[in-house]
Amino acid sequence: MFHALVAVKQVPDTTNIRIDPETGNLVREGVPAIMNPYDAHALAEAVRWKRQLGGKVTVISMGPSSFSSTLQEAVELGADRGVLITDRKFAGADTLATSYVLAEVIKAIHQEDPLQLVFFGKQAIDGDTAQVGPGVAVRLGLPIVTYAVKIREVDLEGGRVVVERKTERWTEVVETSLPALLTCDKEIAEIPFAPLPDLIRSLRYEPEVWTMEGPCPFDPDQVGVKGSPTIVYKMGTPPLPQPGEKVNARELGVEGAVKFALDKATAAGITSLLLGGAQ
Amino acid sequence: MTARRFWVFLEQEEGKVHPVSWELLGVARTLASQVADEAAAAGDTVLVEGVLLGENVGPIAQEAIYYGADRVYLFDDPVFAYYRNCPYYQTLAAAAKKYGPEVFLIGATTLGRDLAGAVATALRTGLTADCTGLEMGEVKGARQRLLLATRPAFGGNIMATILCRNSRPQMSSVRPRVFPMPPRNPNATGEIVHEEVEATEESAMSCVLEFIHSKGESVNIEYADVIVSGGRGLGTPDGLKLLQELADELGGVVGASRPLIDSGWIGYAHQVGQSGRTVRPKLYIAAGISGALQHKVGMQNSDFIIAINSDPHAPIFDVADVGIVGDLYQVIPEMLKQIRALKEAKA
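Chains A and B supply the protein sequences, listed in that same order. Sequential numbering of the first sequence, starting at 1, is according to my numbering. Sequential numbering of the second sequence, starting at 1001, is according to my numbering.
Isolated chain B (complex conformation):
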């Protein structure tokens, strides 16, 4: 009897957990359930486990249990006060060697991408970046189900399913918002394992002299409930003001497709798509966006999509719940008018 462990790296900075950690616990739970039958037949146990590094982050470990972890390995030490590549990857690689997880998921954030490639290389195992689909599937010739990791390739034009037959763990990075947030169950129970920390300040090889918090451009489109996005069809940078007005009315933020970032109309933080951010707001309004695949893969999981485009054949209509064929400079002012009227009627 062996334990089949599904690991999630629990990302936190300054004691604040990145929500992608919970999303991945949800995915790990799904993957674990997909091997439940074969594990039961073999007398194996299946566990969803989190790994957490930081300083004074015990409450996050407890929170991880509420989000579905059966167990959390906690490395709590001042050397992890802020993120650094070396002590983090060495600690995670050593932990993985000790416990032998079958699957190891890491959020594809800037921190996670810095880390994942280093851990995978240290473990000499396979890593699939930016997965949009994960499944434990039967593969010919494999004794157990394997992780089938699907990701967009070539700018989102093709989906490739990657597997890692022999090396363990099977590693994947996943962007925030690709998978839904699992429910939080405050009655869930689990175990917190305090691990001994071997990393030292000397082995860290680098130190951060200063953290510079940028002013202004701190838009967080990944977790916005409403996004009003513009594309080349805006015609002029001034069009963004109209989108902003609608976004403000809906309590949302402004997004954009790649051409607007390339032409410098709006900052990278606003970019939705394969080369920007993946989003899944409750409402996504795409105005003047043709709908290149690379954009669609970044927003097609939105709950409700309204597309506005003057070209009736624009591919964006393929993913929209409602499409309006028309001039956005007529449609959006009308939309503002009707939304304001609805609000007044309600008040």
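Looking at chain A on its own, in the form it has when it is part of the complex:
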């Protein structure tokens, strides 16, 4: 039986984030919370293989209780089971402590129902660290394929998977043993429209809630702030650069404005560069 697990995160839609110009703080009110887009694409791929091979997809998410809406959304997209990992003691976790908790949960789920593939998004759009997936793979001793863009083959009998991953230089076709962990780019799968039964099921779906108390044990020294080697020392808005000179084409004329800009570039010593293009 094929069993895939997808780790998802709820994130603020960073394209809508604003900074309060007075205080320099993030304005969180009115910022919609969404499922991290890369995770959504990873989930779509997991569900696609479930439909092809038969089996099931489990989704986990660590965060406050409001994250259960993201797990409902996962069920709408075809997940069978959702696990919300939530506890005050988990709060303030950096990527190392996060990977610890997720790895322990995945281990427990794997013990009751063996997993072949574990999916992550390639990164979360709020932190952009891309660290938790590799961290979980190391903790579980799983082979990892990052930046996955296509799963060519899942060979359950042979215990192997063939995946395409895209790097800056080329696309690699990687073969690795199962179980394996993948971190996925958006190209991995299109997000399909939810079939009606999944949609209906998701409306009433209540995810399982796992906490510090169980069902799986956690080492209190490795979770939350205590388990996090990094701390935020300070926060601030980016330093304001010194703006340069501005000319208005309407006042100076287009020709004059362009000449002004190119003269400035000349004065800055890049004329030779401007002239060098045709050589």
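It cannot be assumed that every hint is accurate.
Cross-link-like lysine to aspartate or glutamate pairs, in silico, EDC-like; alpha carbons within 16 Å at most [said to hold, decoys possible]:
(1) K1337(B) x D263(A)
(2) K246(A) x D1327(B)
(3) K56(A) x D126(A)
(4) K1346(B) x E1249(B)
(5) K150(A) x E1210(B)
(6) K89(A) x E213(A)
(7) K246(A) x D1311(B)
(8) K1343(B) x D263(A)
(9) K1337(B) x E255(A)
(10) K1098(B) x E1195(B)
(11) K264(A) x D1303(B)
(12) K1016(B) x E168(A)
A few chain A residues that don't get close to chain B, going by computed Cβ distances all over 10 Å [stated by the list, open to error]:
(13) R48
(14) L53
(15) G55
(16) K56
(17) S65
(18) D87
(19) V154
(20) W170
(21) F193
(22) A194
(23) L199
(24) I200
(25) Y205
(26) E213
(27) P220
Computed beta-carbon distance windows for the label pairs [said to hold, decoys possible]:
(28) P37(A) x D1044(B): 41 to 49 Å
(29) T1002(B) x G141(A): 28 to 36 Å
(30) Y1223(B) x D221(A): 39 to 47 Å
(31) E157(A) x R1143(B): 55 to 63 Å
(32) P32(A) x R1184(B): 48 to 56 Å
The set of hints was computed from the structure by calculation and includes no laboratory data. No residue lacks a Cβ here, since even glycine has one placed at the ideal position from N, Cα and C.
Guided by the hints, dock chain B onto chain A, whose structure is given.
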């Protein structure tokens, strides 16, 4: 007396070093100099060291010395013929346990990001991704200066400074082009330490069946000297042709801000910004780009920035050396005309 080691992962593929490796040697040298006084007072030595994995990559180790490494640990073996997560992270983690570096920097490339999180987890230490500022600073309650790693958060809207108080090494990943290339000194001397390789083919857990080199879209905007970028103000995908014409005239490449990638006008390889590439060309021309923070953090280190926008209040003007308030469809053709005239005058 102890050695305070500042480590840099020297990234190479197919025997070609990624320039970010040299940039990081430059940063490591700066960090090392920031603890020189306190090290001297304590009788400690301060060393900048590179770690290099590959097959037949000895010349790169020598090159690293020219770029500022006091010592290079070289793991040369066929198992490292191409990059794979498992043998790489296990080897680096074991090396770090053996030598105990204080700081460990890795380039935030696709390879480096695959690797850094695995190494940090194996060492149970802290890692700060995509740093744009690094400094050894005094922190209350700390015996020695600590690495203060500053990075953009929330799409570049906020800068967060992260520190790792107790675990070692203090790890950071840094994107290419965030820091300048240090000078190459061919008279520099250093030591190359040949390390024993324990990784085996069996422990690698995966193999690459095939490398597919993509055709066409092989633009490398990170290391371009001239970038002509467009944003939403282009209005139509055809506007990119005009930018291309200007880029060609200047021997540069075309960049873009996120909305153009999101609307599919141009590929991701062209994207400049926090969610794309960080660039620092000699000349950056921003046409029709409003200047969202997430774009600015990716290009504000350019040597010279010309911004063209019809909105006089566009935030892009805040980082520009010269701003032209006007219609880019009038300004760029005029710019082409004047540049061609300048070239003719020179010829």
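Item checked: Violated hints - listed by number, lowest first -> 3, 20
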